[in-house]
Amino acid sequence: MILTDREIKASLANGLIIIEPTPDQDAYESTTVDLTLDPTLRTFRPAAPGLSVAVDPGQPGYKAKDLIAGVTEPFSLTERGYYDLESKKLVLGWTRERIELPLHGRVAARVEGKSGLARVGLSIHCTAPTIHAGFVGTIQLEIVNHGPMPIRLRAGIPICQLIFELTLGMSDKAYSGQFAGQEAT
Amino acid sequence: MRLKVEKVEEGLHPSEVVATVRTKTGSEEITLHPRSIHDNSIVIGWPVGIDGPYRLVELPRSTSRGVRRIWVPKDDLVNDESLRATA
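Chains as they are written, first to last, in our numbering: chain A, 258 to 442; chain B, 1428 to 1514.
Bear in mind the hints are in silico, worked out from the structure with no lab data behind them.
Where hints are given, some of them may not hold.
[Said to hold, decoys possible] Capping the alpha-carbon separation at 35 Å, the derived lysine-lysine pairs in DSBU-like fashion look like this: (1) A:K322 <-> A:K345; (2) B:K1501 <-> A:K322; (3) B:K1434 <-> B:K1501; (4) B:K1501 <-> A:K320; (5) B:K1451 <-> A:K320; (6) A:K266 <-> B:K1431; (7) B:K1451 <-> B:K1431; (8) A:K322 <-> B:K1434; (9) A:K320 <-> B:K1431; (10) B:K1434 <-> A:K320; (11) B:K1434 <-> B:K1451; (12) A:K371 <-> A:K320; (13) B:K1451 <-> B:K1501; (14) A:K346 <-> B:K1434; (15) A:K371 <-> A:K266; (16) B:K1431 <-> B:K1501; (17) B:K1431 <-> A:K322; (18) A:K345 <-> A:K371; (19) A:K346 <-> A:K320; (20) A:K322 <-> A:K346; (21) A:K371 <-> A:K346; (22) A:K322 <-> B:K1451; (23) A:K320 <-> A:K345; (24) A:K371 <-> A:K322.
[As the list claims (entries may be wrong)] Under 10 Å between C-beta atoms, here's a sample of chain B residues computed to sit facing chain A: (25) E1436; (26) S1442; (27) I1469; (28) G1476; (29) P1487; (30) G1493.
[As the list claims (entries may be wrong)] Cβ-to-Cβ under 10 Å is the rule here; a few derived chain A residues that face chain B: (31) L324; (32) T329; (33) A431.
Small disclaimer: the values here were computed from a predicted structure and weren't measured.
Glycine included, every Cβ here is placed at the ideal spot set by N, Cα and C.
All chains should be built: construct the whole structure from the sequences, respecting the hints.
Here it is in structure tokens:
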């Protein structure tokens, strides 16, 4: 079941969902709450002419963070005012808000884009939109411009929305049981 | 239950750090919010599998390799009764 705005607010008040800073009243729709774009982006450096490389996630020792840090650089929307995402380009962003779903809660969340932005070609995640119980942190976004024109990104714009759903029970990790510390026989 | 982490480094964003967890096959990197690390450990819930001295646990986020459940040494687990669910 999807939580309505009333239930999202009640869950926030009761600590079943944590969003910091607290969303403004106009961030809600009937069954969603908007999150906003953090000022820090990571933009991909252009490859040097003639350089042909491939990302190889299957290679032993692959470390996504090191690779991404090596091919991107931070961009501050606070300092620069805005970033024009060119057509068919990817930029990494984050939500300004920190989300926490308690481990023993029966709530999961999905991150979805904003339809108004989608209509000009902007998507905010490539895959894996689900946030599971136990998650703590800001949400990293893979922001892609699929449209024909550059799209101007500014800090604080509503960039995505969360849909909260009740889970049927808690996950295995929320139950202590035979695996908690016993030895196999 | 909590899992020990080590080698906490700066992440790609001010809201992120990257920590290393020991596993059965070596180690894994995981991106975390700094506030989720206390006493060099993170909340992970209870183990969901057992294999000798190793326990299968689910991490709060995927590792750099894209996996959420990993085998960790049971000695890297710290029991935290405050995390036990109440009725």
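Results of checking the hints against the structure:
1. A:K322 <-> A:K345: It holds: about 23 Å lies between the C-alpha atoms, which stays within 35 Å.
2. B:K1501 <-> A:K322: Since the Cα atoms of B:K1501 and A:K322 sit roughly 27 Å apart, the hinted pair holds (cutoff 35 Å).
3. B:K1434 <-> B:K1501: holds (19 Å)
4. B:K1501 <-> A:K320: Measuring from Cα to Cα gives roughly 25 Å; hence the hint holds.
5. B:K1451 <-> A:K320: holds (18 Å)
6. A:K266 <-> B:K1431: holds (34 Å)
7. B:K1451 <-> B:K1431: holds (14 Å)
8. A:K322 <-> B:K1434: Cα-Cα ~14 Å, so holds.
9. A:K320 <-> B:K1431: Given pair A:K320, B:K1431 holds - Cα atoms ~20 Å apart, limit 35 Å.
10. B:K1434 <-> A:K320: Measuring from Cα to Cα gives roughly 14 Å; hence the hint holds.
11. B:K1434 <-> B:K1451: holds (18 Å)
12. A:K371 <-> A:K320: holds (31 Å)
13. B:K1451 <-> B:K1501: Roughly 10 Å between the alpha carbons, so the hint for B:K1451 and B:K1501 holds.
14. A:K346 <-> B:K1434: Roughly 33 Å separates the two Cα atoms, so the pair holds.
15. A:K371 <-> A:K266: holds (20 Å)
16. B:K1431 <-> B:K1501: holds (10 Å)
17. B:K1431 <-> A:K322: Satisfied, since the Cα-Cα distance of roughly 20 Å is no more than 35 Å.
18. A:K345 <-> A:K371: holds (18 Å)
19. A:K346 <-> A:K320: holds (23 Å)
20. A:K322 <-> A:K346: holds (20 Å)
21. A:K371 <-> A:K346: Cα-Cα ~18 Å, so holds.
22. A:K322 <-> B:K1451: Roughly 22 Å separates the two Cα atoms, so the pair holds.
23. A:K320 <-> A:K345: holds (25 Å)
24. A:K371 <-> A:K322: holds (27 Å)
25. E1436: At about 8 Å, which falls below the 10 Å cut-off, the nearest Cβ of chain A leaves the hint on B:E1436 intact, so it holds.
26. S1442: holds (4 Å)
27. I1469: holds (9 Å)
28. G1476: holds (6 Å)
29. P1487: holds (4 Å)
30. G1493: Given a least distance of 7 Å, the restraint on B:G1493 holds.
31. L324: holds (9 Å)
32. T329: OK, holds: A:T329 within 10 Å of chain B, min 7 Å.
33. A431: holds (6 Å)
In the structure shown, no violation is registered for any of the earlier numbered hints.
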